[in-house]
Each structure stands twice: as structure tokens, then as C-alpha cells.
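Colleague: Following the hints, position chain X against chain A.
There are 2 protein chains.
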Amino acid sequence: MLAAVLRRGEVTLHIGARSWRVFSSLARSGSCRILKSPTLVSLDLHEDWTHKVDEDRQKSFDIQNKSNQLDAALIDGKAIAEEIRSEIANEVSWMKSSIRKTPGLAVLLVGDRRDCQIYVHNKILACDEVGIRSEVSELPECCSEDEILNALTNFNENPEIHGVLVQLPLPERFDEEKILSMLPLEKDVDGFHPSNMGNLAMEGREPLFIPCTPKGCLELLLRSGVEIMGKRAVVIGRSNIVGLPTSLLLQRYHATVTVLHAFTKNPERISREADIVVAAVGMPNLVRGNWLKPGAVVIDVGTYPVEDPSSDSGYRLLGDVCYGEAVKVASAITPVPGGVGPMTVAMLLLNTLESAKRVYGFC
Amino acid sequence: MLAAVLRRGEVTLHIGARSWRVFSSLARSGSCRILKSPTLVSLDLHEDWTHKVDEDRQKSFDIQNKSNQLDAALIDGKAIAEEIRSEIANEVSWMKSSIRKTPGLAVLLVGDRRDCQIYVHNKILACDEVGIRSEVSELPECCSEDEILNALTNFNENPEIHGVLVQLPLPERFDEEKILSMLPLEKDVDGFHPSNMGNLAMEGREPLFIPCTPKGCLELLLRSGVEIMGKRAVVIGRSNIVGLPTSLLLQRYHATVTVLHAFTKNPERISREADIVVAAVGMPNLVRGNWLKPGAVVIDVGTYPVEDPSSDSGYRLLGDVCYGEAVKVASAITPVPGGVGPMTVAMLLLNTLESAKRVYGFC
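Protein sequences appear in the order of chains A and X. Residue 8 is where the first sequence starts when you use our numbering, and the numbers rise one by one after that. Residue 8 is where the second sequence starts when you use our numbering, and the numbers rise one by one after that.
One chain only, chain A, in its complex shape (with noise of 0.2 Å):
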């Protein structure tokens, strides 16, 4: 048989009166080759999606679209996060009140970039107007890879400190996973450790710690009145900071969840099966509206500046979902800006609250 199966790379065997066609891999490997263990295919691979908009059909879909006159409800990201805030600030000062202690956060900012240096003094601002301690530490891009684990050491043997991030980009010549991995777990707020991310995704087990994003989007499902358990949901990306913890909290929530990525085909068609859609891709009106089921959820993760010269800042920024042909399909929908937005940072917030309250016992 074996000899049969190295000519043909198929046998034909008789079992009593059934015939099987057998695979066998024998032809290709060679049974005496060096074995070769499957590699992981990377996912560092440019992910186009330019190809996925599909003119003629939106065009048919615009035209049976044009009778609707219902528009989605707003998700309203910002009076959300401001009620978690308000909610956080109570909780701070109460602890404060009743055991004396104070959550404290640490920030890492490396180099000069202005969107970082804008990134950090916005969670530093947040931080004050809760009432939980911050503290900055900045580094000139030119500086060493030990002053870094440097600083990071400092911050994790400090008590007071119960959440750390590293403002990320980092500078490119250096290796941000090393640097990372010098985040202790039990104080990596951001919850980007592999470990984080592997407790969030198995059965019987808690991360303590969950991204800050993701957890956003779920608590606008949440806060929203959107059920999740036995849902279709479809999370339109698979970034390590957005999409892969989103799918993987959706289906801790027991929803039926399908990631599509670059090289899905047909996502218009499979996304329209979600009850749910998380669009977080970061390609400006990537899902148009017959991407949507009538009566679909739409959380758009995407913000993406593009010039407006009638706005004061010159900019104005466009999330991955067609906003004007969303509203018209979806039930209830996010705005970019003003929806996942402002939420990250309330949970950053909140994670460096739920920290502390673990480090103290506090409930």
C-alpha cells in the first residue's frame, strides 16, 4: 500500500464493499526527509482591504435604501464614559475616605512625538479629574534601552503605583515586546501580556486585566441594553490591542463570533449575518452600508484623520464604517468621534481603580 501511496499520493483501499480515496502526504514529504514541523504562519502581512468595497452592489443597495427613514439610535460614547468617570470618581474618593488609599497610575513616555506626548497628557488630565495619582516619566528618544527597564523597574516596585503603560509607538530601534514583557502582570493595565490575553480566552479563567478598548466596546453593549449571549457578531479586524480581545470577550458573552480580516472573502456577505458588528480596522468607510443586517448593532472603533479646512483643528476624523449608510440600516450605531473614543480612556481609569482595589482588598 505504501508503495502504491508514494507513486500516486493516493491509494484507493478496499473495505469490504466500500471504497476510500486515502490522502497521504508520503509523495510530497518523502518519508525519510527531514521533518519539518508546520511554522506558524506569520501575521505580519500588509492587510489590503482596498479591494473589499464593492461599488455596483452598494449602488443597488443606496437606491432600496432610499425609502428608509429611520435612523439608527446613537451609541453616545462620550455621556457614557462621562457617567463611568463620574461613577469612578465616587468610588476614588471613597476609598480614599475609608482606607486612606489613593489609585496611582505611571506613564511612560519615550521620544518627542506629538501624538503620544497629546495620548499621555490626556490620560494624565483623566487621571486628575477622578481623583486617582499620576505619574510621568519621559525619555529622550536617544536614550538607552536600560534607562527604560530602568524606569519601568522604578514604577513596579512602587506601591503606590498599581497601574503602568508604555505609550506605544515606542521609537522603532527598539524591541517593544522585551520592553513589555518587563510589565508585571499584575500591573499591566493595558492588558496587552500574552498571559492577559491567554486568561481572557480560556474557559475557567479570569485576566486580570482586560484591554482597554475592548472592554469599552462591551460596556457600551452593555451600558446599551444590547444582548450578547447566542448573538451573531462579526469583529472586522484582528489587531492584538482591538480585535482579537474583542472576538475573544464577545465570545466569553456566548456570542457566535467570526473575525474577518484581510483575506476573508465576501466580508460584505458574512458581516451582514451579525447581530453585532465591531468594525476596527482603521480604513476609512471600509464597511459600507450593505456590509449591515437591518437592525444590526454597529460599534466603529476605526478613527481616521482626514484634512477638513472648515474645522478649527484642519482635520476631521472618519471611522471604518459609512457612517450616512450605516445610520440608515443599523439599530443602534457609534458616531466617530464621540463613541469608542472617550471610552478607552474611562477604562483605563477603571483598571487602574480595580487594580488598586485588588492590591487593598477593596470592594
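Take the hints with a grain of salt, since some may be wrong.
Note that the list lumps identical chains together, so a pair holds whenever it fits in one copy or between two copies.
[To be verified] List of simulated lysine-lysine pairs, DSBU-like, C-alpha gap at most 35 Å:
1. Lys85 to Lys335
2. Lys272 to Lys335
3. Lys185 to Lys364
4. Lys335 to Lys103
5. Lys335 to Lys300
6. Lys185 to Lys300
7. Lys85 to Lys103
8. Lys272 to Lys364
9. Lys364 to Lys85
Simulated from the structure, these hints should not be mistaken for laboratory data. Given the structure is predicted, the values throughout are model-derived calculations rather than measurements.
Modeller: Then chain X, alone, in the frame of chain A:
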């Protein structure tokens, strides 16, 4: 506006000419309630699949398929596992002759469960067959947790042991999670450590080990020449040991993956969209013919013993897939037994070999 929200839980905003229904949970939460972050829903629920089989649809399916004469190709796990074991044996003897080193596997067996004893016995025999050194530490059911931890510490400190596994299930009184966390990442050949799972899930990261059964499923697909990238894959079941890592692995190979579980509505409809179906539930014949798209590739991980006086052992094994029906619809299918089963032990040997190669820098 907030007053209105509190009264009605929903408010209508007028912005320019547009009107929006705005969700708010203030009515439910109350702005002064104590903050409670959404707790993660436990996955430890009874997953009742019994309602999933639709007898009526089944009947019509049987009729419409009567005419189909072409049976699916058999993916012969037994033959492929034998081939892999012979390749491992070649590499082990090559390692011995070139660097005078031998891969070593240690197994901890606690208690006297007959099935566990048989599994361990088979693993040791398989090690012997390919020339991998093996050690078993047997502890009585009445042993203390310290005795277990000491046995693991000895394995962990032994430089000639490259893989350590704890035969599961442990007697109920032990904290399985705590004991498994004692395994060092670099010897966790079962790949169950959350950090391994996180690294399997995350873009740009590599797990040290891929859990054996999922790795075996992928080997079956790859060695049978089944294309994965861009295909729709459905994984039925989401256990930490099979379903979850298999879904992560298929996604890593760029399939578009949907995970079905007991809370999935119309699982057969979703399953029928898949080019690749991996069934890992442990419910015999759950996956009927009408769960499959004609031409789908089916990997059946289930093994469920049922009494069978006609067999020497007094029982026979059933898979999750109704083989008699599936073989008439699928293009390729694994049998039970003789499909995935033999691959699991082969992958354990492969993980142990790869661990030793990593330690000795042997390529």
C-alpha cells in the same frame, strides 16, 4: 437632558435637522450607584447540544442525498501519525549521533484512574518507539499538593527533561490551575499555559508550544494538501484543550474562523457555510450530514465510547460527526478511531523533540 434620560432611559436629541434616539443606561444604573465593571461571564456552563439536531431537516437531507455515490476521501490519521513518528525517530537518532543528546519527557500521574494509566502507558511506549527518554512519577490519590509540586520541581530542574506534562484530570480535590501553573513555560509541551495560548493568539508572537490535538488537526490538513488561507472554517466546541487553540491556529493560517458553541443559534446553518469543519464537542453524531457544505473537509476530534458486544473490547468509539452521512457530503474526512487520535501523541513527541532542539540550538 439627563433628567429626561433618567425618566425614560432614552432621550431624543435634535441636532440641526436630524433627530437621534440616544441610548443611556443611567435609568438602569443611576449616576450614584456603586460602580460595577461588567463581570466576565463564566464559560463553565453546561453546554447542552442535545437540541441542535433537527430531525425533520435531516429526513429531507437523507432523501436528497440518496443518489450521491461518491464517498469522501479518508484522511488517514493513523498513517500520517506513523509517518511523523518515523520522521521524529530519524531526527532523534540524528541528534544522538551528532551532539550526543536525547530529548526527554516527564509525566506526572496522580491517582489510579485506569484511563489515565492507559494514556500515560501509551505515551511512554510512543516515546520508547522513537527513542525519546521518558520518566513517569506516580503519586497516590492521597498524596499532598506539596508532593505534586516537589515532583514537578524535580522535573523542572532536570536539564535532561525537555517536556513535562501532568496527566489530566487530576483528582478533584487538587487545584488544577495552580498545579499546571507550576510547569515552566519552556517545558510545557501540552501548551496549556495561558502565556502560550496568548502567544498563539497574538499577531507577531510565537508560542513555544502548540497544544497537541489542535497541532495534530492542522498537520492533518496541511499534510493532506487542504488549503486554509482565505477559507471559511467552523470550529464546533471551545474547550481550552481543543476548540479554542484550534480556532486560534486556523486564524493564524488566515482562515476566516467562526466558533460554534452550545449557545449558538442554528449551528447547522453556520456550519454549512464552512469549507473546513473541526468538531470537538464530545457529543456523538452531533454533526449530521445537513451541517456540511458539499465538498467540505471534516476533522472529527470527538471520541465517545459506546457499548458494543460485537467488539473484542466490548465498546467502540463514536465521533462528533455522523460519519455515515458526512462521508456522502464531505470531500475529505477523518475517521474515528484512526483520525485525530493517533496525531495527538505524535504531536506530543514532536513538541518534546522541538523543545530539546531549542535547548541545544540543534536545527
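Colleague: Each hint: holds or not?
Modeller: Each hint tested on the structure:
no.: 1; hint: Lys85 to Lys335; in the structure: within (22 Å within a copy, 55 Å between copies)
no.: 2; hint: Lys272 to Lys335; in the structure: both (25 Å within a copy, 26 Å between copies)
no.: 3; hint: Lys185 to Lys364; in the structure: both (28 Å within a copy, 23 Å between copies)
no.: 4; hint: Lys335 to Lys103; in the structure: neither (47 Å within a copy, 68 Å between copies)
no.: 5; hint: Lys335 to Lys300; in the structure: both (11 Å within a copy, 33 Å between copies)
no.: 6; hint: Lys185 to Lys300; in the structure: neither (43 Å within a copy, 45 Å between copies)
no.: 7; hint: Lys85 to Lys103; in the structure: within (27 Å within a copy, 64 Å between copies)
no.: 8; hint: Lys272 to Lys364; in the structure: neither (45 Å within a copy, 38 Å between copies)
no.: 9; hint: Lys364 to Lys85; in the structure: within (25 Å within a copy, 53 Å between copies)
Comparing the model with each earlier hint shows violations of hints 4, 6, 8; every other hint is respected.
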